[in-house]
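Trainee: Generate coordinates for the entire structure from the input sequences, incorporating the hints supplied.
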Amino acid sequence: MNFASDNWAGAHPSIAAGLSAHAGGFSTAYGDGALDQAVYQSFNEIFEREVAVFFVATGTAANSLSLTAYNKSGGISFCQRESHVIEDECGAPEYFTGGSRLYPVDGALGKIDPNNLDRAVGRFAPEIVHSGRPMAVSITQSTEVGTIYTLNEIARISAIAKHHKLPLHMDGARFANALVALETTPAEMTWKRGVDILSFGGTKNGCWCAEAIVLFDLDRARELAFLRKRAAQLFSKSRFVAAQFEAYFKDDLWLETARHANVTAARLAALIENSPSARLAWLPQANEVFAVMKKAEAERVQLAGAAFYDWHKPHGFDGHIGEDEALYRFVTSFATTAEEVDRFGQLVAG
Numbered sequence: 001m002n003f004a005s006d007n008w009a010g011a012h013p014s015i016a017a018g019l020s021a022h023a024g025g026f027s028t029a030y031g032d033g034a035l036d037q038a039v040y041q042s043f044n045e046i047f048e049r050e051v052a053v054f055f056v057a058t059g060t061a062a063n064s065l066s067l068t069a070y071n072k073s074g075g076i077s078f079c080q081r082e083s084h085v086i087e088d089e090c091g092a093p094e095y096f097t098g099g100s101r102l103y104p105v106d107g108a109l110g111k112i113d114p115n116n117l118d119r120a121v122g123r124f125a126p127e128i129v130h131s132g133r134p135m136a137v138s139i140t141q142s143t144e145v146g147t148i149y150t151l152n153e154i155a156r157i158s159a160i161a162k163h164h165k166l167p168l169h170m171d172g173a174r175f176a177n178a179l180v181a182l183e184t185t186p187a188e189m190t191w192k193r194g195v196d197i198l199s200f201g202g203t204k205n206g207c208w209c210a211e212a213i214v215l216f217d218l219d220r221a222r223e224l225a226f227l228r229k230r231a232a233q234l235f236s237k238s239r240f241v242a243a244q245f246e247a248y249f250k251d252d253l254w255l256e257t258a259r260h261a262n263v264t265a266a267r268l269a270a271l272i273e274n275s276p277s278a279r280l281a282w283l284p285q286a287n288e289v290f291a292v293m294k295k296a297e298a299e300r301v302q303l304a305g306a307a308f309y310d311w312h313k314p315h316g317f318d319g320h321i322g323e324d325e326a327l328y329r330f331v332t333s334f335a336t337t338a339e340e341v342d343r344f345g346q347l348v349a350g
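At position 298 of the sequence shown the residue is numbered 298 (my numbering), and the sequence of numbers has no breaks.
One should not assume that every hint holds.
[Said to hold, decoys possible] Listed next, the in silico DSSO-like pairs over lysine-lysine satisfying Cα-Cα at most 30 Å (straight line):
| id | residue 1 | residue 2 |
| --- | --- | --- |
| 1 | K295 | K313 |
| 2 | K192 | K162 |
| 3 | K237 | K250 |
[Claimed, not checked] So the derived label-pair ranges between C-beta atoms look like this:
| id | residue 1 | residue 2 | range |
| --- | --- | --- | --- |
| 4 | H312 | E273 | 32 to 40 Å |
| 5 | L303 | S73 | 48 to 56 Å |
| 6 | P13 | R123 | 47 to 55 Å |
| 7 | H312 | A349 | 25 to 33 Å |
| 8 | A16 | Q41 | 37 to 45 Å |
| 9 | A16 | G99 | 39 to 47 Å |
If you're looking for bench data, these hints aren't it; they were derived computationally from the structure.
Quick caveat: nothing in here was measured; it's all calculated off a predicted structure.
Beta carbons: idealized from backbone N, C-alpha and C, even for Gly.
Mentor: Structure below.
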């Protein structure tokens with residue numbers, strides 16, 4: 001019963017088979033091979049336009065280099081105060097940019113509040129050197145607490161960013177989970193709503209190690225190529241990242257795995273909701289479930305074989321958590337089975 005994180009899951013068998021299929025022979029290095037080129041074209045087709053694609057090793061690298069692509073001296077990037085980019089990346093964006101900073105913006109349950117964003121950006125006049133100048137806006141889809149920006153919400157944040165002449169970055173570590181939950185298309189959830197650059201994650205959704213920066217602002221592509229190289233993120237044998245994405249996209253596997261994770265999360269949430277010893281903190285929208293449980297009960301369930309983490313109370317959560325209780329996070333993946341979800345349900349059934 002492993003609900004610790006979707007990046008604890010292994011590789012989907014089709015992804016592993018794709019790697020094996022391309023293990024032999026020779027191919028042009030550094031992203032210029034035939035397989036790399038074919039996968040770049042797949043990204044174009046998925047996003048319904050020409051995009052520039054840069055394979056990287058981790059989501060942190062994707063986020064950091066995406067913001068670095070728009071770097072300015074004294075630059076400030078605005079993000080939700082509990083987003084991964086500001087809370088869980090050890091200052092990597094500031095490191096890669098050589099000193100820009102991340103500015104936290106309030107918003108309930110993982111999402112930037114547009115009014116707060118407008119006020120936050122407005123505090124920094126770009127012509128005044130003392131305080132720094134706005135550089136970018138970053139949103140996470142789906143968020144760190146399993147919520148999802150609607151298409152209209154993305155468009156509204158984009159409009160604010162564009163009003164201030166700022167690019168919009170999307171951290172899509174769980175891009176596919178949000179996409180299938182909204183029942184929309186990659187184009188509709190990104191550039192058609194004003195997203196300029198995307199961290200496209202595959203690792204949490206069945207890949208072995210496959211992340212990409214998808215750049216819609218093609219004028220930045222040449223500069224980003226040099227930034228990636230200097231950041232030690234240019235793979236010589238990039239065909240092995242391409243092989244993963246080839247299998248990932250084939251027959252819409254990536255959408256199938258994301259739907260499975262979301263469905264098992266909903267199944268888990270229903271069991272928690274009906275449990276006398278746990279309650280949902282808020283309704284899940286993708287593949288992360290958050291519940292309030294008594295600490296002793298959580299420990300009992302963990303000792304019985306369930307893996308999950310305690311979690312900090314997010315901004316905007318107004319539910320009650322007693323002294324003997326805590327908030328816990330459960331994450332499902334392509335590898336989560338209905339049987340292990342039901343086994344957990346039996347443990348918390350009382």
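Trainee: All hints are to be evaluated individually against the structure, with a verdict given for each.
Mentor: Tested hints:
no., hint, result
1, K295 with K313, "holds, 15 Å"
2, K192 with K162, "holds, 13 Å"
3, K237 with K250, "holds, 21 Å"
4, H312 with E273: 32 to 40 Å, "violated, 22 Å"
5, L303 with S73: 48 to 56 Å, "holds, 53 Å"
6, P13 with R123: 47 to 55 Å, "holds, 51 Å"
7, H312 with A349: 25 to 33 Å, "holds, 27 Å"
8, A16 with Q41: 37 to 45 Å, "violated, 23 Å"
9, A16 with G99: 39 to 47 Å, "holds, 41 Å"
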